[in-house]
Every structure is written in structure tokens, then in C-alpha cells.
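For the protein sequence lines, the chains are A and B, in the order given. Just so we're aligned, residue 1 is where the first sequence starts under our numbering, counting upward by one. Just so we're aligned, residue 1001 is where the second sequence starts under our numbering, counting upward by one.
These are computed hints drawn from the structure, not numbers from a lab. Keep in mind it's a predicted model, so treat the numbers as computed, not measured. A few of these clues could be false.
[Said to hold, decoys possible] Only pairs whose alpha carbons sit at most 20 Å apart, straight line, appear in this in silico EDC-like list of lysine to aspartate or glutamate:
| # | chain 1 | residue 1 | chain 2 | residue 2 |
| --- | --- | --- | --- | --- |
| 1 | A | K98 | B | D1151 |
| 2 | B | K1054 | B | E1006 |
| 3 | A | K194 | A | E225 |
| 4 | A | K98 | B | E1131 |
| 5 | B | K1198 | B | E1006 |
| 6 | A | K98 | B | E1132 |
| 7 | A | K167 | A | D198 |
| 8 | A | K231 | A | D204 |
| 9 | B | K1054 | B | D1151 |
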Amino acid sequence: MSSVFPLVLEQICFAPSGQPIVDRVCLAIDGRVRTVILGANGAGKSVLMRLMHGLLTPSSGRITWCGREQRPRAQAMVFQRPVMLHTSALRNVAYGLKLAGVPAGERMNRAAVALERVGLAPIAGRSARVLSGGEQQRLALARAWALDPQILFLDEPTASLDPGAAKEVESVIREIVASGCKIVMTTHNLGQAKRLADEIVFLDRGRVVEYTPANVFFRNPRSAEADAFMKGELPWT
Amino acid sequence: MGTFTESLSTAAGLIATADAKLASIVGLSLQVSLTAVAFAATIGLPLGAVMAVKRFPGRQAIIVVLNGFMGLPSVVVGLLVYLLLSRAGPLGPYGLLFTPTAMVIAQTMLITPLMAALTRQVIEDAWREYEEQLRSLGATPWRAALTLLWDTRFSLVVAVLAGFGRAAAEVGAVMIVGGNIDGVTRVMTTTIALETSKGDLPLALALGFVLVALILSVNMVAQLIRLWAVRRYG
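Given only the sequences and the hints, what does the whole structure look like? Please build it.
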């Protein structure tokens, strides 16, 4: 499979009703490092990620994957609240594979392997909707991982989970990274950002204020906005 | 009051002995209405699902029409089908007027909009929840419509039930296009209307009981299926 990187955003704006939510964003995202998008509520983090993933179309600007405008298949996204079909955990994973064009004969095996990797093999036959929030989120990760993406977008994957479940989800994310998949993630949790980020994209009112290596960002943020954000956020993380 | 109790006991007797005439009328009613439900579901459910998921010009207008047609007067549908099937009508040569087939056509037309409108509502609510996830996985609107039809199947039972209830209970359309011919196109509702006006209350009453019991038991089974599904699938 040829690489989809770099993912390049040129002057991306998203203004569905005139007011820009994402404003002239330029980024060149490399496949080797873990990228975390930080910013206050309403800064445009989720929207930016949906633009990259292709769920939203920019009002102006250009997104290219390794020089091509075609949105590659080798990408997946996990949302804050996982949405599961009313069927077994295994079949939920198999459904994603079906849409990805995986032949019927292979789906169940690949789905079973994916569940195994996130530690859900013992409950593969249970209905996905009755699983706990943490289990459902790991199932969502399994469904995305089964597609063998080169890049995985994670939108606040642990925001609605308790600390124990969040820890499990983080460890699955680490394994996904170890398997060679690039992640781009948003989070509100600065501790999590420190644990998982190699580089930080800091957004403020739709604009990229900083795009720097994580250790530099956390030690010495260059912008006043990022500094204020971290001071404001720290007591609750 | 005497007539009423007398009618009641005669009705009970007719039901208890599974009176042949009663049975044939009930049988024809079920045959016509269930066939209409099958056709209407085949058309209405996919139509409702596509209306919920696809965005196209004129969609809002179609939704207004569908919702409006939920309350379509059955006599008007009967009249329309009558005109279509009568000797001089476009489908006259097929000689379908005053046959059970004509009644199936009329009831299908009557309940398809109802089932489509209810399906659209159920699926549109589900689509709001599923849209991003399904699009993220690469689902086209057609694929999403199919997926949601399957995923909401236990909620859609309500749409099918509403269609069955309306079909089984209506008089106007089947009266006009069926003609209420004894032994051929006479169903429960038309018999009740006729026998009541003739003053033969026992048969009318017996049929009334059967009709209500049928509709209640179908709804009970549907409710049991739903309860089971909620326990099983969450």
C-alpha cells in the first residue's frame, strides 16, 4: 500500500454560515508522529478533524494526501460517542469491513482478530448496545483498526469515560500506534495529551496558533493563548 | 337491552362454533389486508428510508404530501381506484373491479403513504445518531438506508402495525371497489355496515368482536417482539 502522507492542508476555511469556524488553516502532517489537537471548546478542533477525515467539505482551501486530492480509503475515525448497530460486537466490526469492500469470507476472521487485539474476544457475541461505555469505545477502536488504516482520527475518545475505562482506551490507542498507524486526536485532557502527543496543534477561534513538538509546547508555549489555556485547564486535569 | 344481550349470546355462539360464513368473511378480510400490508411494506418502508437519508430538491414537498396522505379518506381512495378499474378506466380491460384484487390495490394505496411517513420518521431519528459514523465508514446514502431499515426493524413494526390496523378497519375503499358481494368480496367491515343497516345485529356484533380481538392480538404479539428485542439487543 502506498503512503498517504504527508497530509497537507492549504488555507482551509470552513464557514457554513459566513462566520468562520476554521480559519485559514495550513498544516503539513507527517505519518510518523502522533498529533494532538488542543484548544478550548468551540476552537474548531472537531470540525478541523472532520474536514481532514472528509466528513465535511471546506468552504475554501485544499486538502491533499501525498499530493493527491482524492480522499484515501486507508483512514478511519473514532468519535466521542461510539455508535453501534443493534447486533453483536463481532458483526459491528464485520459491518465496517463489509463497507470497506472486504470479501464476505474474510470478514468474520478479521473481525475476530480485531476484537482479540482490543481484549473484547470473550464478548464478541454480545449485543454491542448493551456493552459498557468503555467496552463500546474499545469496540469502536477495533472496528476502525480492523480496516488497517494508515491514519486514525480520534475525536475526544475518552471524554465520556470514567478514568479506568479511559486508561484501557489509551492503552489500545498505544497499541494501534505501535502497529504503525498514525493518529490525530483531540482531547480536553492535558495529561492525556502529554502522554500521547509527539506534536501539538493548538487552535484558537478556528486558527492554528501553534504547531510544535509536544515537549516544547508543554514546557514553553510561545503564544499567550496557549499559555492561558494551560493555566486555565490545569486545575481540572 | 334485550336485543343487545340476545345479540351477544348469538355472537358468542357464532364464534364458538366457528360458523362457516363468519370464518369465510374473516378469512377474506385477513387475506386482503395482509396482502395489502405486504405490498405497502415493500414500497413504503424503502421509500420512507430513502426519504430520511437522501437529500434532493423537492424532498420537503414530498414529506408534506406523505404526511398529509396518512389521513387519506378511504372513500376517496376507493373512488380513485374505482375510476381506474371501471370498464371505461385505464385498467378497465383487466376486469378487476369488484374482485379481492381491487380491494388489495385500494388498501395498498391507502396505507403505503402511512407506512412510508412513519418509517421516514423512525429512520430520520436514527440517521441523526448514525450519520457521521456510517459516512465515516464509507456508507453511501443507499447503503445507509438499507442498514437503518435493518437496524430499526423492531421500531418499524409499529409502522407495519399501523398500516395493518388501518387496512383491516377501513370500510369505504373496500365497499366501493369490492362491491360487498356475498361470498366474493364481503369482508368484516363491509358486513358489519350491511348487517347493522339490515338489523341483523348478532353477525355484525360477532364480526365486531373478531375484528377488535384480531387487531389487539396482532398488537400484543408485536409488543412481545419489541420487548424481546430490547432485552436482546439493547
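The hints, checked one at a time:
1. The suggested pairing of A:K98 with B:D1151 holds, with an alpha-carbon distance near 16 Å, which does not exceed 20 Å.
2. Among the hinted pairs, B:K1054 with B:E1006 is inconsistent with the structure: their alpha-carbon atoms are about 58 Å apart, more than 20 Å.
3. For the hint pairing A:K194 with A:E225, the CA-to-CA distance comes to about 18 Å; that is within 20 Å, so the pair holds.
4. Between A:K98 and B:E1131 the alpha-carbon distance is near 17 Å, which keeps this suggested pair within the 20 Å criterion.
5. For a cut-off of 20 Å, the pair hint linking B:K1198 to B:E1006 stands: about 17 Å separates their Cα positions.
6. With a C-alpha separation of about 17 Å, the suggested pairing of A:K98 with B:E1132 holds against the 20 Å cut-off.
7. In summary, the hint linking A:K167 to A:D198 is supported, as the alpha carbons are separated by about 19 Å, within the 20 Å threshold.
8. Using a Cα cut-off of 20 Å, the hinted pair A:K231 and A:D204 holds, with the two alpha carbons roughly 15 Å apart.
9. Simply put, B:K1054 and B:D1151 have alpha-carbon atoms about 17 Å apart, close enough for the 20 Å limit, and the pair holds.
The structure fails hint 2 only (numbered hints given earlier).
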